[in-house]
Amino acid sequence: VYKEEYEKLPIENKKRILNSYYNTVTYNMGYTMAATRFLENRGEDTRYENKKSINKNIHKDYISYDCGDYGINTMTYLRSINKISKKHKAHIEACKTSSKDKKLNLKLALDMYKYGMDVSNGNLKKSWNVYNTGNTKLINDRVYRMRGIILVLTEEIKKQKTKNIVNIAMND
Numbered sequence: 008v009y010k011e012e013y014e015k016l017p018i019e020n021k022k023r024i025l026n027s028y029y030n031t032v033t034y035n036m037g038y039t040m041a042a043t044r045f046l047e048n049r050g051e052d053t054r055y056e057n058k059k060s061i062n063k064n065i066h067k068d069y070i071s072y073d074c075g076d077y078g079i080n081t082m083t084y085l086r087s088i089n090k091i092s093k094k095h096k097a098h099i100e101a102c103k104t105s106s107k108d109k110k111l112n113l114k115l116a117l118d119m120y121k122y123g124m125d126v127s128n129g130n131l132k133k134s135w136n137v138y139n140t141g142n143t144k145l146i147n148d149r150v151y152r153m154r155g156i157i158l159v160l161t162e163e164i165k166k167q168k169t170k171n172i173v174n175i176a177m178n179d
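Taking the numbering used here, the leading residue of the sequence shown gets 8, the next gets one more, and so forth.
For the record, the hints were derived by calculation from the structure and aren't laboratory data.
Mixed in with the good hints there might be a few duds.
Computed cross-link-like contacts, PhoX-like style, restricted to lysine-lysine with a CA-CA straight-line distance of at most 25 Å [stated by the list, open to error]:
#1 Lys-93 x Lys-63
#2 Lys-10 x Lys-166
#3 Lys-165 x Lys-144
#4 Lys-58 x Lys-109
#5 Lys-103 x Lys-63
#6 Lys-103 x Lys-58
#7 Lys-63 x Lys-21
#8 Lys-15 x Lys-166
#9 Lys-96 x Lys-109
#10 Lys-109 x Lys-59
#11 Lys-121 x Lys-94
#12 Lys-67 x Lys-90
#13 Lys-90 x Lys-132
#14 Lys-121 x Lys-110
#15 Lys-67 x Lys-22
#16 Lys-21 x Lys-166
#17 Lys-59 x Lys-94
#18 Lys-107 x Lys-132
#19 Lys-93 x Lys-132
#20 Lys-103 x Lys-22
#21 Lys-144 x Lys-67
#22 Lys-10 x Lys-165
#23 Lys-166 x Lys-22
#24 Lys-63 x Lys-107
#25 Lys-96 x Lys-58
#26 Lys-170 x Lys-15
#27 Lys-103 x Lys-93
#28 Lys-59 x Lys-21
#29 Lys-21 x Lys-168
None of the values given here were measured: they were computed from a predicted structure.
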């Protein structure tokens with residue numbers, strides 16, 4: 008199902024997703040981060056003004072948002088700067104900051120996965136759940152979704168690498 012969905016994405020969205028892979032492969036997180044980019048916002052332009060790239064989370068006594076390239080939760084951002092708040096305005100400002108500062112968004116995402124790996128004794132699948140829910144309990148839906156899109160991305164990246172090799176050979 009993800010293969011069809013990925014193939015229908017605009018080329019710009021695909022480029023953003025693949026750039027997530029290439030920008031994080033040196034951290035050994037390429038596929039995880041590209042899959043996260045796909046699942047969080049389908050590679051959309053994540054500027055704050057593009058509301059369809061923002062997910063809303065309704066809690067018992069406050070609303071948070073998932074913003075930016077990797078869908079960083081606004082409470083996660085506020086916690087990272089020691090300004091935890093349930094005030095709506097604080098979450099809107101956190102979303103604007105997280106959407107605008109791509110390096111910060113990436114750093115928070117990598118930090119969250121590192122934390123997930125730490126609390127799950129290096130279990131990547133559990134770290135996917137920590138990223139998505141804050142909980143180490145395996146929630147198969149997230150695992151299946153991550154695995155599914157990683158299979159698609161693996162195939163896509165192999166195709167890209169083959170094209171690059173052919174292009175280099177043709178130019179020699």
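| query | What hint numbers does the structure not satisfy? | reply | The structure conflicts with hints 3, 11, 13, 15, 18, 19, although it agrees with all the remaining ones.
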